[in-house]
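Number of protein chains: 2
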Amino acid sequence: MTKTRWIAADWGTTNLRLWAFDHEGQVSAERVSDQGMGQLKPDEFERVFIELAGDLLGQGPCDVVICGMAGARQGWAEAPYAKVPSAPIATDGQKVRTNDPRLNVCILPGLSQANPPDVMRGEETQIAGYLKRHPEFQGSICLPGTHTKWVRIDAGKVVHFRTFMTGELFALLSKQSVLRHGIGDGWNSDAFTTAVGDALSAPDQLTASLFALRATALVSELDPDAARARLSGCLIGAELAGARPFWQGRNVVLIGDPSLCAHYSTALGTQSCETEYADARTMTLAGLAAAHARMTGAEE
Amino acid sequence: MTKTRWIAADWGTTNLRLWAFDHEGQVSAERVSDQGMGQLKPDEFERVFIELAGDLLGQGPCDVVICGMAGARQGWAEAPYAKVPSAPIATDGQKVRTNDPRLNVCILPGLSQANPPDVMRGEETQIAGYLKRHPEFQGSICLPGTHTKWVRIDAGKVVHFRTFMTGELFALLSKQSVLRHGIGDGWNSDAFTTAVGDALSAPDQLTASLFALRATALVSELDPDAARARLSGCLIGAELAGARPFWQGRNVVLIGDPSLCAHYSTALGTQSCETEYADARTMTLAGLAAAHARMTGAEE
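As you go down the protein sequences, you meet chains E and H in turn.
Position 54 of the first sequence, counting from 1, maps to 54 under this note's numbering, and the rest follow consecutively.
Position 292 of the second sequence, counting from 1, maps to 292 under this note's numbering, and the rest follow consecutively.
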């Protein structure tokens, strides 16, 4: 008998991460692959999964619970969105037909919103993990990243959310726009908080403020590390201006990359908004475990 | 004796355009090369120019008046910025040393602004051309493009200006971001004006509105042509919100690509701002000709 009880997986656009759990509920193996959903056709997912985790499987069917972009229309199998307001994970998810009889695969659904139109896939599992541990939480959860999500939580449900393209804009502007000439790898805290304040007080100046980074470097001087921090501050400040109803006067929890969350915490702190931080990996695992426990009728 | 009296050139980042003028002030030749400043080292400009225009030169020195990025720090020779407030072309420009004795090259300076920091190179020549023809003009000139300029004109001088990264953001987002999957090549006027109105009334929602284009395609449907028009409307609307002091209650002249100027005219028209249009090539030539006439002490 294998020691694997079930496998949790976060299959995003660029990476696949999985964790094998033993019968005592402990993580017995953790693996990462760069075979993200973005580069796979639907009929390639099973092979990739078996290559990465085949040796963890026994002879009987093993439960595999997956969150993330593997459930998109172009993923392994589409797991249709649940509409908000909704519990973060409202259903058992989409069963996936496999050729390998050792697999019992289920992909968790994302969330969608009709007005304004919005979607998430993967973040709902982190939210579920947080709410499993803090069932009484009322307030907002912010998940900074390529597409930062701001999520209003009420009575254990996601009632409203909004996605900001902050991370993707930062990557495009710092690496592929005219600004790339003056952007370094470092950081400058003062430049960041000043830019956040400027953007919050005049968010309509965003696209002019971006060019001003280039102009400042040409007409005077701008340290490349300060330029990078200012670019981030412009974009995060503009986001906070648009997301104000999510954070003003509310409890805010940040889930994501620790250094990025620290920048958000700093930015929100300038507006007297205190935040808590929760580890993304821990919340993902807690969310996947809660989904698995519900599927099997067990309680952890 | 050659029939070329002098040569006007617009040497930008991606292209070099030049026009030879005969002794009657008529354009006797027009040439274009893709050898833009962006791909040239300083010691390569003369060779590129001679390759394109050598056969137009006689034996004596020929005046060559150049505007655009050839005057940048990494260009043929730096033509330092003039600080606003200033006439659009305030000096005779930067003489350039050449190896070929048939050349008498001068590069026109751009304009810079200390607060907020901003720069232009090339647009000042179009503005000079417009003011040569309309010396009494009071109001704002908008030059849409990769980096759209809004310019306040008073008593023949540029008194203030602001650059918005609208065009570059449109290119990055439509071709290299997650939005590219749903962006077509066509247009939808209703989608454009609706997006302009939404962005003008809530410019702080810009980066969320961008992701909503993707989300709309996923949760309902979004015609790719409508998506392209909405993306443009989001960005131009946000720009108009930031540029409001330039256009509200003022005369506005648009100089640039005709179809892009038409979109700006439509967008401004929704705000009861009527615009006039001036052809970019004609204004560039008029500005270069005015600069040459002043250098030579002639009047056209």
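Honestly, I wouldn't trust all of these hints.
[To be verified] Computed Cβ-Cβ distance ranges for the label pairs, DEER-style: (1) VAL32(E) with GLY269(H): 52 to 60 Å; (2) LYS41(E) with LYS175(H): 37 to 45 Å; (3) PRO85(E) with GLU78(H): 25 to 33 Å; (4) ALA171(E) with GLU276(H): 54 to 62 Å; (5) THR282(E) with THR270(H): 29 to 37 Å; (6) ARG73(H) with SER272(E): 41 to 49 Å; (7) GLN271(E) with GLY269(H): 15 to 23 Å; (8) PRO42(H) with TRP187(E): 27 to 35 Å; (9) ILE50(E) with ASP223(H): 52 to 60 Å; (10) ASP257(H) with ARG244(E): 16 to 24 Å; (11) GLU51(H) with ALA171(E): 52 to 60 Å.
[As the list claims (entries may be wrong)] Which residues of chain H face chain E? A partial, calculated answer using Cβ under 10 Å: (12) ARG73; (13) ALA77; (14) THR163.
[Unchecked claim] Each computed SDA-like pair below joins lysine to any residue, with the alpha-carbon atoms no more than 25 Å apart: (15) LYS95(H) with GLY12(E); (16) LYS83(E) with ASP223(H); (17) LYS175(H) with LYS83(E); (18) LYS157(H) with GLY12(E); (19) LYS41(H) with CYS106(E).
These aren't lab readings, by the way, just hints derived from the structure by calculation.
For glycine and all other residues, C-beta sits at the position ideal for the given N, C-alpha and C.
Exercise. Taking the least C-beta to C-beta distance, is ALA77(H) closer than 10 Å to chain E?
Worked result: violated, 16 Å
Exercise. Do the Cβ positions of ILE50(E) and ASP223(H) conform to the proposed distance bound of 52 to 60 Å?
Worked result: violated, 40 Å
Exercise. Range hint 41 to 49 Å: satisfied by the CB atoms of ARG73(H) and SER272(E)?
Worked result: With a Cβ separation near 43 Å, ARG73(H) and SER272(E) satisfy 41 to 49 Å, so the hint holds.
For this session: Using the beta carbons of ASP257(H) and ARG244(E), state whether their distance is inside 16 to 24 Å or not.
Result: violated, 37 Å
For this session: For the pair we were handed, LYS95(H) and GLY12(E), check the Cα-Cα distance against 25 Å.
Result: violated, 57 Å
For this session: Note whether the CB distance of VAL32(E) and GLY269(H) lies within 52 to 60 Å or breaks it.
Result: For VAL32(E) and GLY269(H) the Cβ distance comes to about 54 Å; the hint holds.
For this session: Decide if the proposed pair is consistent with the structure: LYS175(H) and LYS83(E), CA atoms, cutoff 25 Å inclusive.
Result: Violated, because 30 Å separates the two Cα atoms, which is more than 25 Å.
Exercise. Can the suggested window of 25 to 33 Å be confirmed for the beta-carbon pair PRO85(E) and GLU78(H)?
Worked result: Taking Cβ atoms as reference, PRO85(E) and GLU78(H) lie about 60 Å apart, which means the hint is violated.
Problem set entry | LYS41(H) paired with CYS106(E) [C-alpha distance capped at 25 Å] | Roughly 58 Å between the alpha carbons, so the hint for LYS41(H) and CYS106(E) is violated.
Exercise. Given the hinted pair LYS157(H) and GLY12(E), is their alpha-carbon gap at most 25 Å?
Worked result: violated, 55 Å
Problem set entry | C-beta pair PRO42(H), TRP187(E): status relative to the range 27 to 35 Å that was hinted | At 34 Å between Cβs, range holds.
Exercise. Is 29 to 37 Å right for how far apart the beta carbons of THR282(E) and THR270(H) are?
Worked result: violated, 49 Å
In the structure shown, a violation is registered for the earlier hints numbered 2, 3, 4, 5, 7, 9, 10, 11, 13, 15, 17, 18, 19, in ascending order.
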